[in-house]
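Chain order of the listed sequences is A and B.
The working numbering puts the first residue of the first sequence at 1, with every later residue one more than the last.
The working numbering puts the first residue of the second sequence at 1, with every later residue one more than the last.
Everything labelled a hint here was simulated from the structure, so no lab data went into it.
Cβ coordinates follow ideal geometry from the N, Cα and C atoms, glycine included.
Certain hints may be false.
[Said to hold, decoys possible] Straight-line Cα separation of at most 30 Å, DSBU-like style, residue types lysine-lysine; simulated pairs: (1) B:Lys622 to A:Lys416; (2) B:Lys602 to A:Lys416; (3) B:Lys730 to B:Lys277; (4) B:Lys433 to A:Lys416.
[Claimed, not checked] According to the in silico footprint, chain B covers these stretches of chain A (three or more CB under 8 Å from chain B): (5) 148-159; (6) 168-181.
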Amino acid sequence: MASTDKTMAVPETPAELERIPLVSNQRSIGWISDQVCAIMEGKLPMWWWAAFIPSLMLLCLLGTMLVYQVTTGVGVWGNRHPVMWGWDIINFVWWIGIGHAGTLISAILFLLRQKWRTAVNRASEAMTIFAVMCAGIYPALHVGRVWYDWWLFPIPNSNGIWPQFRSPLMWDVFAVSTYFTVSVLFWYMGLIPDLAVMRDRCTTKVRQFFYGLFSLGWTGSNRHWRNYEKAYLILAGVSTPLVLSVHSIVSLDFAVSQLPGWHTTIFPPYFVAGAVFSGFGMVLTLLVPLRSMFKLEDVITMRHIDIMCKVTLATGSIVGYAYGMEFFIAWYSGNPSEQFHFLNRAFGPYQWGWIMMMSCNTLVPQLFWFKKFRQNLKYVFIISILVNIGMWFERFVIIVIGLHRDFLPSNWAYFKPTWVDICTFLGTFGLFFTLFLLFLRFLPMIAISEVKGVTPQADPHHPLGGAKPKHNGH
Amino acid sequence: MKTIPPACPEPEFGRKYWRGLDQLAETPEFRHWLEREFPQGAGEFTDPVSRRNFVQIMSASFLLAGVGLGATGCRRPVEKLEPFGKQPDDYVYGTSRYYATSMPTRGGAVPLVARSYDGRPVKLEGNPHHPDSNGGTDRWAQAAILNLYDPDRSRHFYSGGTTTSIESAIDFLSGFSKKAQANGGEGLAFLIESNNSPSRSRLQQLISSRLPKARWFLHEAIDTDIHRRAASQAFGESVQPRFKFEAAKVIVSLDCDFIGSEEESHNHIRRFTQGRKMEKAGDSMSRLYIVEALMSLTGVNADHRLRLPASAVGQIASALMAEVTGSVNAVGLPSGVKPAWVAECAKDLLANKGASLVVAGHRQPLEVHLLAHALNAALGNLGKTIEFIPAPDFREAGIVELAAALNAGQVNTLVILGANPGYTAPVDLDWSKTQRKAKTVIRLGYYEDETFADCDWHIPLAHFLESWGDVRTSDGTLVPVQPLIAPLFSGWTELDLLARIAGETVTSPYEIVRATFGKLVSGDVELAWRKFLYSGYLENSAAQPVEVRLDRSQVDKALSGVAVVAVGKEKLEVVFHRDHSVDDGRYGNNGWLHELPDPVTKLVWDNAVLVSRKTAVELGVKNNDIVKIELGGRSVHGPVFIQPGMADFTLGLALGYGREKSGRVGKGIGFNTYALRTAAAQNITVGAGVAKTGGVFELVSTQTHWSMEGRPIIREANLEQFEAHPDFAKSMNAEMPPASGPFYPSPFDDLKKTGHHQWGMSIDLNSCVGCSACMVACQSENNVPIVGKDQVNRGRDMHWIRIDRYYSGDPSKEKFLDTFKVDEKQQFEEWIDDVQVVTQPMLCQHCESAPCENVCPVNATVHDQEGLNLMVYNRCVGTRYCSNNCPYKVRRYNYLDYNKRPLQELKGPFYNNALTHKTDGEWDLLRWWRDPNSGMRTSDEWDLIKMLKNPDVTVRMRGVMEKCTFCVQRIQQAEIAQKVKARDTGDILVPDGAASKEPAALKTACQQACPAGAIVFGNIADPESRVSKLKAQQRDYSVLDFLLTKPRTTYLAKVRNPNPKMPDYTESPLSLEEYTKKMGSPFEPHGEAEGAAHAAEKGKL
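Extracted from the complex, chain A is given alone in its bound form (with noise of 0.2 Å):
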């Protein structure tokens, strides 16, 4: 900067606090348009088959499962008394907790301007879809008579029954459907631009039509982008509320019974921290793989990870001063069953499925801290993948090591899983791994038109982009 020239106000800024753009290598909007609808137009690679076969037979394997859970009972389970609720539960809990992310991140990171959501919302937000159907699971099928499961709908009937409204799972039924609901409508709503944008280019009669008709006659005009946008704002606005919702009421589940452990009044916050900490731990898991494996590494950019490595921490983090501070109120309530239980916890007979909790929610994520291991991606990677595993073992905590040791000794005893247990488990990665590799070759796994209006390009003041007929090649 040469000292004299006091007439440029304005200096120009240092490379290092330089804002990276969301899109890097100066990539057109042609480019990512290419490069998205790639994916879909073109061969399958093999790592795609590789990995939904064995998704597939994942989940053939569900569907056996479940037909012998209906057919024989909930006893094919390891479920027992006094432990009513073993890995049914766990994994409701677990997969609802990682479809959290997705409508965190396009709901409200949309209402917050934060634009970088935009290479990633619409991969999470099929996640959440997929992980609420793999929970949905569990609690429509873990109850003993399932051909009965309407009942907790409020129905009409002529039997002149009605639920129990003061049933916390009377409002996990309410909590998740209109979660679902909501989530399914937001996503789809997102989709209707790049499915007009699929329309255009497909090549086959079939896809042609199938593009049209989930397109909705999309025509990119003027008066379609305003409702649009606006339908997407008000559908971001319904959705943000539910985001906390949801887990708040499944931790309900919990928090009214009166168990030690399971009563406590910090659930609903500590439960949603959870769940985005598992929600984006999933979402690193997906996306990390996947920007190389499609060359997105343009869209998908490390700033990308940086920003959910910092989540991750910042939600891990709350975690871990929930679980603190669930020792000290049971120390501090003066509660001997309070205090027996978080003892228990530490040093009972599940004392590893606790180190495991503690070790991968709270000390693991602390690594973030350091740029190093955000910039790594096997870090990320495996990191990830141990939150994932951590938030497992924090549901596990939760509800085996809360009801194996109670109230009156005499009931006492240990959980085990059944072989069913665990193949109903692995069968829900299918589940979820088959809808989410189709997800993959048919739907735009990339928010193709709203990263275009983030790239710098995008931006009419950009050298190279505005309005420039000569610069745009479209």
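Based on the hints, put chain B in the right spot on chain A.
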């Protein structure tokens, strides 16, 4: 489907009708024609209980039932197989009827009232009118009804290993009888079991007079006749001792498990607890000392317990004798026993002369019994706390003599009545081979069991609910055995068989019993007979106690007979004991009893090698390790279970397991300890060696955690503490949260207490001895299924009422982190060596603010106006949330279709389902399609098992939660009955069942069965009801009070009565010491008072 012809059993008496002359002739042509014409029905023709003719049996039993109370007495009206075309007089559809009968036992009988529904007995209860009964029973009487409907019981007559008809058996016997009469019964031997039946002994005498050369032998695997033998020897005349525990202030038990494994335990429990019950502080209670090797139920309830090898008990007896009489103890004390223990115990006995009682257990040798009698005589107890009634002097020899006779070729024909010597005979008799030495073996047996294969003739034995009989209870009162149903498989009673062998023309047991009765009463026999059948006992027929005088010479002989036997690691002591569930093996096919946890070990579906912790350490074994026990050149393999409180270097081996030929339920359960038991050493023997095999066998227990962890769940104090602090139980209540209304008051809360009755229950922990009769009673009343060992292991046992059993040891031995250890590690803890044990029945507490109710999403569990927490099975979808939120964890979930699955289909890890299973050769899915209620049980099993069900209680399907209902069906019946009775008087309040002796009076099944009277149920809205009075007592408390669930079931705290001068005295019971260590003493002011003290202290500063 072809029509199966109705089977046509031949009536025994009266007119006979034939379908044709061919049938009359029973020619081969007719049979051939029958089989060709009705191939499906041909088998049924010989199978007397196919589904079709079952209806006929049923209708017959209606008539039978109809006359049970009636004018003519109850004949066996086989001839009245008529369809139920006309409703019998006095019969109302859907109501149950009650008949007095009784269950014969070894030394007497349990007087019963059987509940019959539509002609089938469904529930047995004690007869409260009987002069020596309060209506309580033992677990075996409660479970006996399951044996009646046991699909595996013997259904056919066999000759030479193939089925034959009843007629050929009759023909054979009449021929045999004639031959025997001709030669005076030469070469004829009978093997019988203990039985107190006057008719049987009349027939025995008859046979003895007609066949003077016939010989009688008696075999009982568990020999409780030693009480009579010892008393007869001590007093020089044949007498049976009767212990009056209620009159004793100090009781010393010498290895006598009178609460558990002795005969007549339910009567002992009633008498013992009568002396332990307290209304208020200041009441007195008896004190119980016990010296024993195993941890028995009596040891559980003792105030002072000395654990010693069973073979050292004689030394204690002789030491007591020396202390009491002031003589010199020649044999000395066993090592490790503090002299003060015996001295102080003796002082206590002496201080209570005439109000003390020394009893010796049936496993102990004669010397110990004689010493016990001598002690009682020296203490002036004879006639006061112990009575003697004349007992017939059995002249029968035992099975050893029979074996000798067989080996000497003296027995041509052996008649076995009921017993199963093939399984229970001493192993050194090599019974199977020995029995074969008789040319003909005729056997009357309930099962086709181990003895069956070595018999030429097998006759199915009738269940006592199918039989006419008579028997004397232990006090000598004559009680009838009345049939409730015609024999399902045309079984015979002992009387049938004996009458035929005797060559009697009248072989109907009814006539025999009636004739015996006629000789026992004077005056109007018919009236007396009717009254006898109606009330279930013959008034004033009890035996009168006799005065006895001790024969000193016998005592001196006994004293010299006491030997000092050393036991150790290389020379282990073996105690063969009667099993709490299967007895000597006779209940080996009874699933209720197999699933009834042993009250002390809590093991189900198995026996084990019970050892102490120290023994296990010395032998290098732990729970579930399979060991080889060697004794006298024989060996068996069994799994180890470390039992707290066991004597060191003693092995406890329960008899009755390891059956090779039992039914579907009992086969292959446990290991056979008879294989070690010789004629010379039937009970206690020293010299066994144990070797670890390296194998592991999983034992299953219903309670894995042993300690109460200092929680005030069972509250107890010593007598002095109770006197000083009568409200100690309440001061153990936790600090209550500040009183505030609920956040969201339920609109139904106001309705909760509007009923006329408010049901509640009070359980006296001072009376409850843990015998578990209530568990079986509940199972029988409420159609609670059994789930099998594998399911129990997976925590799916279904008992609505369970007995929690906790051990407490010296709290100073426990370290802080011990609580958090895995349950399996308890077996290695030192504190389990000397433990105090407490038991507590735990069932649905019917909380007024029930935590289960508000979490059910479908309103399946709700409260009614009378304070019952109801479970609506139809509404339940099975989320199991209610159980998670139940702090008592008393809810039970049908994880699988337990009622419709046979036991072999209840074993994981793979369970069959309708897609993978065939039943009766047909794919289950097809069966299900035709009938969604069809299950996996084969029809022969299903037809019988479903008859067992109480029709007033829903049989729950899978996926449904269930729990104690306070026997809501009984409540409803009582309320309806009262409303009918009240008519327009408005007096609709049900009278207090606890105070009533009527069989139909409102009592829950557990309350009815409880011999201790520990469970009292009733209307707490009525301040005069027994339950209200109990709840008003000082000891009343509720479990987990601090959760504010406000349970309707409350407990009366336990009071122990230890002797402060004893060396093992502790100021508080150990469980209270544990509590004090964690929570502070309940006898010191705490809570507000403590806060005030703190404030005062602060003020000073």
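| task | Output the numbers, in ascending order, of every earlier hint that fails for this structure. | result | 4
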